[in-house]
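Asks: Below, each chain spelled out in residue letters.
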Amino acid sequence: GENVEQHPSTLSVQEGDSAVIKCTYSDSASNYFPWYKQELGKRPQLIIDIRSNVGEKKDQRIAVTLNKTAKHFSLHITETQPEDSAVYFCAASVSGGYQKVTFGIGTKLQVIP
Amino acid sequence: ETGVTQTPRHLVMGMTNKKSLKCEQHLGHNAMYWYKQSAKKPLELMFVYNFKEQTENNSVPSRFSPECPNSSHLFLHLHTLQPEDSALYLCASSQDIGAGGTEAFFGQGTRLTVV
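So the sequence lines, in the order shown, correspond to chains X and G.
The numbering of the first sequence is the numbering used here, which starts it at 272 and goes up by one.
The numbering of the second sequence is the numbering used here, which starts it at 43 and goes up by one.
Chain X extracted, bound-state conformation (with noise of 0.2 Å):
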């Protein structure tokens, strides 16, 4: 079955700085690629996602790119603020949807003022 690994597990960052999260997957026919974020007690929402069709897609500050020869995914937050601290979970699917969809193990990043 398919194998997403995500790194590092932990994240620090100053305020203004970038941060980069990476995953990799095991499953070539993985198409389908979403990052969650999830604040402290809350519900892990959809930031962005990407399709295999694509190899980079940008909303605002948040970027993720895809290389599928190389089979990994990153997550790129410009600017970061202090909201932006959470946990992201980066995951792959090889339906192109939530049938079969594998995720990482998240990546709690924290954005210190």
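Treat the hints with caution; some may be incorrect.
Claimed, not checked - With a Cα cut of at most 25 Å, we get these calculated BS3-like pairs of lysine-lysine:
| no. | chain 1 | residue 1 | chain 2 | residue 2 |
| --- | --- | --- | --- | --- |
| 1 | G | 60 | X | 342 |
| 2 | X | 313 | G | 64 |
| 3 | X | 379 | X | 313 |
| 4 | X | 328 | X | 293 |
| 5 | G | 82 | G | 94 |
| 6 | X | 293 | X | 329 |
| 7 | G | 60 | X | 293 |
| 8 | X | 342 | G | 61 |
| 9 | G | 94 | G | 64 |
| 10 | X | 328 | X | 379 |
| 11 | X | 329 | X | 379 |
| 12 | X | 313 | G | 61 |
| 13 | X | 313 | X | 342 |
| 14 | G | 61 | X | 379 |
| 15 | X | 313 | G | 82 |
| 16 | X | 342 | X | 293 |
| 17 | G | 61 | G | 94 |
| 18 | X | 379 | G | 94 |
| 19 | X | 293 | X | 339 |
| 20 | G | 60 | G | 94 |
| 21 | X | 293 | X | 379 |
| 22 | G | 83 | X | 293 |
| 23 | G | 83 | X | 313 |
Hint data in this document are derived by calculation from the structure and do not stem from the laboratory.
The hints should help you fit chain G onto chain X, whose structure is shown.
Replies: Relative to the frame of chain X, chain G by itself:
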């Protein structure tokens, strides 16, 4: 609110008890999911329902029994659980399960403690 509501928010049960978790969505979605979130482990997909039919059971022990009476409601019946089953149980829904599906909307979860 994202429209996915889970009850109860917290549950403490003994290993011989029987309890049920409830999930409700009014987003018009056709797919619903149960996930288990344990400390220091990835979010684990447990069950998938599409149009009330179970499409995935990811090797979940039979002490967890899902029920989906309609597209808006999902239950997880629990019986004779073990302490290692203590976790946050998250329900989610999405428009569908396939390639055309959009994001999964999660509930706030039920924090389950088995004593």
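Asks: So, for every hint listed, does it hold in this structure?
Replies: Structure-based check of each hint:
For the given pair, residue 60 of chain G sits about 43 Å from residue 342 of chain X by alpha-carbon distance, which is inconsistent with the 25 Å threshold. Our distance criterion of 25 Å between C-alpha atoms is met by residue 313 of chain X and residue 64 of chain G, whose separation comes to about 18 Å. Using a Cα cut-off of 25 Å, the hinted pair residue 379 of chain X and residue 313 of chain X holds, with the two alpha carbons roughly 14 Å apart. Distance restraint check for residue 328 of chain X and residue 293 of chain X: the Cα-Cα separation of roughly 15 Å lies within the 25 Å cut-off, and the hinted pair is therefore satisfied.
Restraint check for residue 82 of chain G and residue 94 of chain G: the C-alpha separation of about 32 Å exceeds 25 Å, so the hint is violated. A threshold of 25 Å between alpha carbons decides the hint, and for residue 293 of chain X with residue 329 of chain X the separation of about 16 Å falls inside it, so the pair holds. Using a Cα cut-off of 25 Å, the hinted pair residue 60 of chain G and residue 293 of chain X is violated, with the two alpha carbons roughly 41 Å apart. About 42 Å separates the Cα atoms of residue 342 of chain X and residue 61 of chain G, which puts this hinted pair outside 25 Å; it is violated.
In summary, the hint linking residue 94 of chain G to residue 64 of chain G is supported, as the alpha carbons are separated by about 15 Å, within the 25 Å threshold. For the given pair, residue 328 of chain X sits about 22 Å from residue 379 of chain X by alpha-carbon distance, which is consistent with the 25 Å threshold. Under the criterion of a C-alpha separation no larger than 25 Å, the hint pairing residue 329 of chain X with residue 379 of chain X is consistent with the structure, at around 21 Å. Between the alpha carbons of residue 313 of chain X and residue 61 of chain G the distance comes to roughly 23 Å, so the proposed pair stays at or under 25 Å and holds.
A distance of roughly 30 Å separates the Cα atoms of residue 313 of chain X and residue 342 of chain X; the hinted pair therefore is violated under the 25 Å criterion. Restraint check for residue 61 of chain G and residue 379 of chain X: the C-alpha separation of about 32 Å exceeds 25 Å, so the hint is violated. With a C-alpha separation of about 17 Å, the suggested pair residue 313 of chain X and residue 82 of chain G falls inside the 25 Å cut-off, and the hint holds. Distance restraint check for residue 342 of chain X and residue 293 of chain X: the Cα-Cα separation of roughly 11 Å lies within the 25 Å cut-off, and the hinted pair is therefore satisfied.
The suggested pairing of residue 61 of chain G with residue 94 of chain G holds, with an alpha-carbon distance near 21 Å, which does not exceed 25 Å. For the suggested pair residue 379 of chain X and residue 94 of chain G, the alpha carbons sit about 35 Å apart, so the restraint of at most 25 Å is broken. For the hint linking residue 293 of chain X to residue 339 of chain X, the alpha-carbon distance of about 14 Å falls within 25 Å, and the restraint holds. Distance hint between residue 60 of chain G and residue 94 of chain G is fulfilled; the C-alpha atoms sit about 23 Å from each other, no more than 25 Å.
A threshold of 25 Å between alpha carbons decides the hint, and for residue 293 of chain X with residue 379 of chain X the separation of about 13 Å falls inside it, so the pair holds. Distance hint between residue 83 of chain G and residue 293 of chain X is fulfilled; the C-alpha atoms sit about 17 Å from each other, no more than 25 Å. This hinted pair checks out: residue 83 of chain G and residue 313 of chain X have alpha carbons roughly 17 Å apart, not beyond 25 Å.
Going down the numbered hints, you'll see the structure goes against 1, 5, 7, 8, 13, 14, 18, while the others check out.
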